[in-house]
Structures are given as structure tokens and as C-alpha cells.
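Chemist: Taking the hints as your guide, dock the two standalone chains into a single complex.
Line by line, the protein sequences give chains Y and E. First residue of the first sequence? That's 9 in the numbering used here, and the numbers climb one at a time after it. First residue of the second sequence? That's 1112 in the numbering used here, and the numbers climb one at a time after it.
Treat the hints with care, since some could be wrong.
[What the hints assert, rightly or not] To give an idea of the chain Y side of the interface with chain E (calculated C-beta under 8 Å), a few residues:
1) Cys28
2) Arg37
3) Ala40
4) Glu47
5) Ile48
6) Arg60
7) Trp100
[Said to hold, decoys possible] FRET-style restraints, in silico, Cβ to Cβ:
8) E:Pro1257 to Y:Ala114: 48 to 54 Å
9) E:Asp1174 to Y:Ala114: 21 to 27 Å
10) E:Arg1133 to Y:Glu82: 32 to 38 Å
11) Y:Val133 to E:Gly1140: 46 to 52 Å
[What the hints assert, rightly or not] Pairs of lysine-lysine, DSS-like flavour, derived with a Cα cap of 30 Å:
12) E:Lys1150 to E:Lys1177
13) Y:Lys94 to E:Lys1150
14) Y:Lys121 to Y:Lys88
15) Y:Lys88 to E:Lys1177
16) E:Lys1168 to E:Lys1150
17) E:Lys1130 to Y:Lys94
18) Y:Lys94 to E:Lys1177
19) E:Lys1130 to E:Lys1150
20) E:Lys1130 to E:Lys1284
21) Y:Lys88 to E:Lys1247
22) Y:Lys94 to Y:Lys121
23) E:Lys1289 to E:Lys1177
24) E:Lys1284 to E:Lys1150
25) E:Lys1284 to Y:Lys88
26) E:Lys1168 to E:Lys1247
27) E:Lys1130 to E:Lys1168
28) E:Lys1289 to E:Lys1130
29) Y:Lys94 to E:Lys1284
Just so you know, the hints here were simulated from the structure itself, not pulled from any lab data. Treat the numbers as computed from the prediction; the structure is a model and nothing was measured. Note that the Cβ used here is the ideal one computed from N, Cα and C, for glycine as well.
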Amino acid sequence: MPPQTKDSTALAAPEEGGSCVLSEDQALRMIAFLTSAAEISIHEPTYYGTFRLVDAASRLIAFMLEHDPPRSGEFLRELKTELDTKKVWMMWDRESYFDFLRATPAVVAAEVKRQADEDRAASEVSA
Amino acid sequence: MSQSQTQNAVADTVFDVIKSRRVSRTFTGEPVDDDLLAKLVNAARWASSAGNRHVHKFFITRDPVKIRLVRSFSPGLLSEPPALIFVLTDHEVAARERLQEGDDANAVDVGTAAQNMMTMAQALGLGTCPVTSFSKSGVREVLGLPSTLTPELMLMVGHPVPVDRSLRTNAPKPVRVKDLTYWEAAGQHEPS
Chain Y
9 MPPQTKDSTA
19 LAAPEEGGSC
29 VLSEDQALRM
39 IAFLTSAAEI
49 SIHEPTYYGT
59 FRLVDAASRL
69 IAFMLEHDPP
79 RSGEFLRELK
89 TELDTKKVWM
99 MWDRESYFDF
109 LRATPAVVAA
119 EVKRQADEDR
129 AASEVSA
Chain E
1112 MSQSQTQNAV
1122 ADTVFDVIKS
1132 RRVSRTFTGE
1142 PVDDDLLAKL
1152 VNAARWASSA
1162 GNRHVHKFFI
1172 TRDPVKIRLV
1182 RSFSPGLLSE
1192 PPALIFVLTD
1202 HEVAARERLQ
1212 EGDDANAVDV
1222 GTAAQNMMTM
1232 AQALGLGTCP
1242 VTSFSKSGVR
1252 EVLGLPSTLT
1262 PELMLMVGHP
1272 VPVDRSLRTN
1282 APKPVRVKDL
1292 TYWEAAGQHE
1302 PS
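Chain E extracted, bound-state conformation (with noise of 0.2 Å):
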């Protein structure tokens, strides 16, 4: 096989894995290895950091009445997951960084751990599902950190069980990456 069929052949395995990814809310009750647990987090640590400053620590929790006081703070965790991990921001290293409010890159060093979190997910056979509509005050007082450390996304992370999607008769089309996509000017769907 040569190098490029090679590249291919992972790329389409990579593809393959970020295609299937689908969020998961509901989970058996089979509880996630700690070694499984420490790989997702091994790849939030991979993901990109602005200015490689690694802002963010992470908080693991598989402690069921853990899990379910931050439920109780949490609007959007729709159900109890087995496990949930935590991005927090360290504000100590925040202000050491010279991090300033509202730094947009903040909130995308999250989103793309959370990213590389949950497709490790899928490529390990797990559910997750991102959360961030929920209390950050609550949250942050219920898994006792101290104020320095601020929860910023929760992942739900668990064995999930199968859903049947195609009982969505009203769900929506597909969105189609050509209608997301500009090529060289705003508007222009097809490259020139």
C-alpha cells in the first residue's frame, strides 16, 4: 500500500468515526473503565490551546450522588450519566497567562477538548452528549471546587443505549456541507 492510499485509508477511518458520532443521552447502566476515562481526557489534552497556554483542567467524576446533585443544577443534563467529565477553566493560570474576559479563545479551547473528547468517544464505542446549560455556581459548589476553578461544559460520557432515529418522522433534512460552505466570496457555494 502506498503512502497516499495509506493516508486515505486513515482519513476515511477518521471521517468514518466523526460521521457516526451522534449525541447519547441515555446510557446502560454499565459503569466506564477508569482507563477509558483517562484516554478521553488524554485526547481533550491534545486538542489545540491558544497561545498553548492550557487554561483548562479536568474534573472526572463516576460517583452517583455526585451525579446527581449536578443534575439537580443542571437543566440541560437530561438524564444521570454514568460518568461525567468536567472542563473547568483555572483561573489561576488564566491571570498567569494574562487571559483576558471575554477572550474568545477560551470558549473555543473548550469546544475543541470537548471535540477530541468525544470522538475518541466514538472511536472507543461510548456515548457522550456536551452540556453547558447548567448552573456554574451550583455545579462548582456541589463538586466542591474551590473558586479558582470554574466549570465551563460537563460530558456526559457512558455505554450508550441504541436509539431509533428513524422514529423522527419531523426531523429536519440533512444539512448539506455545500450550503454551509463559501468558496473565495460570501455566497458562492461551488468553487470557481
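If we strip away everything but chain Y, and leave its shape as in the complex, we get (with noise of 0.2 Å):
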């Protein structure tokens, strides 16, 4: 059994382990701010569904910490800080604001990559 979280309706990760980290209201709720960033997409500049990407991943990360990510709360609220920092950027800034988007996905990749490390070195351990 998956551990349990504060909400009840969290949606459970399919792995065995796996961390709760989003409930049923907050997942439509993404989906709500998913499905008008695409409608407005339509007419407003490109660049803009950048700015709407980045702060879909702010949201989401500020759903997830409400549930307590055991992993990755740490990583997440500094990246969470970063990201609504920086993308306000693109108001006044936009080529440091293009940098930053160049940049992230390494930071994201690093702890992606470090977890990852962490499973390998616990499972080899349990074999």
C-alpha cells in the first residue's frame, strides 16, 4: 500500500512506495489551468505559453507540497521560489527571462538524477 497523506482523495502513485502528491480536487484544478492556458494560447503572443508552462509548474509544485513530498519538498520549494522569481522576468527582461528557461530543466534534471541514484544504490542493497 502506497503511504497514506493528509487527503484522503489523493491520488496514489502506481509504484509500490510511490508518494501521494496531488488529491482529485487539485488535479482538475490543473487541469482547469491546463486546458484555458491551451484556449488562450490561441491569440496571445507565442512566448506567452512559456510563461503559462512555468507557472503550471509553480502550481503544481505548490499543490504538491501541501501534501508533504517526503523526497522532493526541499528541492520543491526552492525551485518553486525560483520559478515565480524569474518568470515574472519576461515582463521586462526577456532575454535573462529565455536564460532562465534554458537553465531549469537542468536544475529539474539534477534531482531527477539524484533520486534516481538513490533507488539504484537502495535496491542494489536490498538484492
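Modeler: Here it is in C-alpha cells:
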């Protein structure tokens, strides 16, 4: 059984031991946001789409933090601060904003890799 | 004080209000009094209206649940303010006034109404932010509006949290009015 969260409607991660990081209500609100962003992207400047995606990531992190994700919490808190501080650069310093967009996936990749390395080490120990 | 001096003093005050207004997206939790919200809408009512048609209606909500739902369908709504005022197109009035689809005057009237509200809010010490990046169909649904009313713009309203704008080290230089102005001919930035 996956670990219980504060929210009984939280969606369970499929894999054994996965954390529950999004409630049904939060998932629905994310869907509302994403479909609305898709609609307004029809007529807004194309680079606004990048802002919507970064903002969606920030909103997703906010929801996840409500469930105290045990492995990613600290990383996500720092990433959210970074996203919220720099996403608004789009409005007055577009080049710095684009540099921030180019750099951010590597920051996330480092955390994904760190967790993958942890998992690999744990599986080797258990085997 | 002469009439001219009085007019200049009034003009200076109005310009100070216009010039000091900034977009506010962060608000204290303090509710906005209903009479202040009513003053904003009254200011909007006195905005210019093409052909005196008054095609627009105003919808006010202070309900946090409604505001949270609206935010879900509004990527441009970056926080949840204490109040939202929507400028709605009333399609029954538009049809009666024979407004054509795509008539720019409609958008202009939305803008003048919003600007009047923002100016009045600044004079009252309130903060505002106009938002148009939202799903009209989604917001119409969560507000329970009939199909004859379309939300065109929403105005975030609240008591603003002061923002230290000096932090913006990468902010662009302010735009000069001279650069935006042509006198008598395109490209001529000074009166001849």
C-alpha cells in the first residue's frame, strides 16, 4: 500500500512505495488551468506559452507541497521560489527570462538523477 | 486662488494619481468595503461609451470560493485577490444597439471602464490589476453567467502589499513621452 497522506482523495502513485502528491480536486484545478492556458494561447503572443508552462509548474509544486512530499520537498520549495521570482522577468527582461528557461531543466534533471541514483543504490542493497 | 490656479491644482492631483498607479498582484487579507467597490463601478459607469450604448455590465465578487474557481480558469490571475470586478458584454444590449462582431469600439469601452476603475482605486488607496488572460467560457460557467453575458476583463482589487520595485535591477528604462509622440508628422518628436 502506498503511504497515506493528509488528503484521503489523494491520487496514489502506481509504483510500490510512491508518494501521494496531488488530490483529485488539485488535479482537476490543474486540468482547468492547463486547458484554459491552451485556449488563450490561440491568440496570445507565442512566448506567453512559456510563461503559462512555468506558471503551471509553480502551481503544481504548490499543490505538491501541501502533501509534504518526503523526497522532493526541499528541492521543490527552492525551485518554486526560483520559478516565481524569475518567471515575471518575461515582462521586462525577456533575454534573462529566456536564459532562465534554458537553465531550469538542468536543475530539475539534477534532482531527478539524484533520486534515481538513490533508488538504484537502495535496490542494490536490498538485492 | 484664481480659476486657472485651481484648474492646475486639480490637474496636478489627477496626474499624480495617474502616474503613481502601478499594477498590484499581491494583497493583504483585508476585505474591500462594498462602498469602495461601488465607487469603482460608478467610476466605470462614467467612462466614455461609444454611441452612449452602454453595452457592458459589471459583476462583483468577494466570495473566496468563486475567486478560487475563477483562478483555475485564469492563467493571468497570478494570485487570489479579496475582490474581482468583471466587465461583461451584454449581448442583448449589443444586439439592440446593432453592435457588429469585431467592432473595436467594444474593446475600447472595456478599456476605458477599466482605466477609470484603476484610477479611482489608486485615489482610494486600493491596488488593482487588469486581467484578460482567462478562458471566457470557463469563467462564465463558474460564475453562473447566462450565455448573453461574456466576461471581457477582470480587475483584481484589494489593499496592496507594498512592493520594493528597486529590486528590479534588470528593469528597462522608463519610456519617455517624447518617444511615443509625433507632432504633425510621423517621426517628428517635437512640436514645430
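Chemist: Look at each hint and say if it fits the structure.
Modeler: Checked hints:
1. Annotation: Cys28 (chain Y) was flagged as interfacial toward chain E, and the flag is violated, the nearest CB pair being 21 Å apart, outside 8 Å.
2. The criterion of a C-beta within 8 Å of any C-beta in chain E is met by Arg37 (chain Y), whose closest approach is roughly 5 Å, and the hint holds.
3. Proximity of Ala40 (chain Y) to chain E holds as hinted, the smallest CB-CB distance being about 4 Å (cut-off 8 Å).
4. Checking Glu47 (chain Y) against chain E: minimum C-beta separation of about 5 Å stays under 8 Å; hint holds.
5. Checking Ile48 (chain Y) against chain E by beta carbon gives a least distance of about 5 Å; that is within 8 Å, so the hint holds.
6. Using the Cβ-Cβ criterion of 8 Å, the hint placing Arg60 (chain Y) at the interface with chain E is satisfied: the shortest such distance is roughly 5 Å.
7. Given the 8 Å rule on beta carbons, the hint for Trp100 (chain Y) holds: about 5 Å separates it from the nearest Cβ of chain E.
8. For the pair Pro1257 (chain E) and Ala114 (chain Y), the supplied restraint of 48 to 54 Å holds, since their beta-carbon distance comes to about 49 Å.
9. Between Asp1174 (chain E) and Ala114 (chain Y) the beta carbon distance is about 42 Å. The supplied range of 21 to 27 Å is therefore violated.
10. Between Arg1133 (chain E) and Glu82 (chain Y), the C-beta spacing of about 34 Å keeps the proposed range 32 to 38 Å intact.
11. A C-beta distance of roughly 49 Å is found between Val133 (chain Y) and Gly1140 (chain E), which places it inside the suggested range of 46 to 52 Å.
12. This hinted pair checks out: Lys1150 (chain E) and Lys1177 (chain E) have alpha carbons roughly 22 Å apart, not beyond 30 Å.
13. In summary, the hint linking Lys94 (chain Y) to Lys1150 (chain E) is not supported, as the alpha carbons are separated by about 36 Å, beyond the 30 Å threshold.
14. Distance check on the hinted pair: Lys121 (chain Y) and Lys88 (chain Y) sit about 19 Å apart at the alpha-carbon level, within 30 Å; holds.
15. Proposed proximity of Lys88 (chain Y) and Lys1177 (chain E) is supported: the alpha carbons are some 25 Å apart, at most 30 Å.
16. Between Lys1168 (chain E) and Lys1150 (chain E), the direct Cα distance comes to roughly 15 Å. Compliance with the 30 Å bound is thereby established for this hinted pair.
17. A distance of roughly 26 Å separates the Cα atoms of Lys1130 (chain E) and Lys94 (chain Y); the hinted pair therefore holds under the 30 Å criterion.
18. With a C-alpha separation of about 29 Å, the suggested pairing of Lys94 (chain Y) with Lys1177 (chain E) holds against the 30 Å cut-off.
19. Using a Cα cut-off of 30 Å, the hinted pair Lys1130 (chain E) and Lys1150 (chain E) holds, with the two alpha carbons roughly 20 Å apart.
20. Pair hint Lys1130 (chain E) plus Lys1284 (chain E) holds up; C-alpha atoms about 16 Å apart against a cutoff of 30 Å.
21. Between Lys88 (chain Y) and Lys1247 (chain E) the CA atoms are separated by roughly 28 Å; this keeps the pair inside 30 Å, and the hint holds.
22. Taking the CA atoms of Lys94 (chain Y) and Lys121 (chain Y), the gap is near 24 Å; set against the 30 Å cutoff, the hint holds.
23. With a CA separation close to 44 Å, the supplied pair Lys1289 (chain E) and Lys1177 (chain E) exceeds the 30 Å bound.
24. Simply put, Lys1284 (chain E) and Lys1150 (chain E) have alpha-carbon atoms about 34 Å apart, too far for the 30 Å limit, and the pair is violated.
25. Pair hint Lys1284 (chain E) plus Lys88 (chain Y) holds up; C-alpha atoms about 28 Å apart against a cutoff of 30 Å.
26. The straight-line distance between the Cα atoms of Lys1168 (chain E) and Lys1247 (chain E) is roughly 15 Å, inside the 30 Å bound, and the hint therefore holds.
27. With a C-alpha separation of about 27 Å, the suggested pairing of Lys1130 (chain E) with Lys1168 (chain E) holds against the 30 Å cut-off.
28. Straight-line distance between C-alpha atoms of Lys1289 (chain E) and Lys1130 (chain E) comes to about 16 Å, which keeps the hinted pair within the 30 Å bound.
29. Straight-line distance between C-alpha atoms of Lys94 (chain Y) and Lys1284 (chain E) comes to about 19 Å, which keeps the hinted pair within the 30 Å bound.
In terms of the numbered hints stated before, the structure departs from hints 1, 9, 13, 23, 24, listed from lowest to highest.
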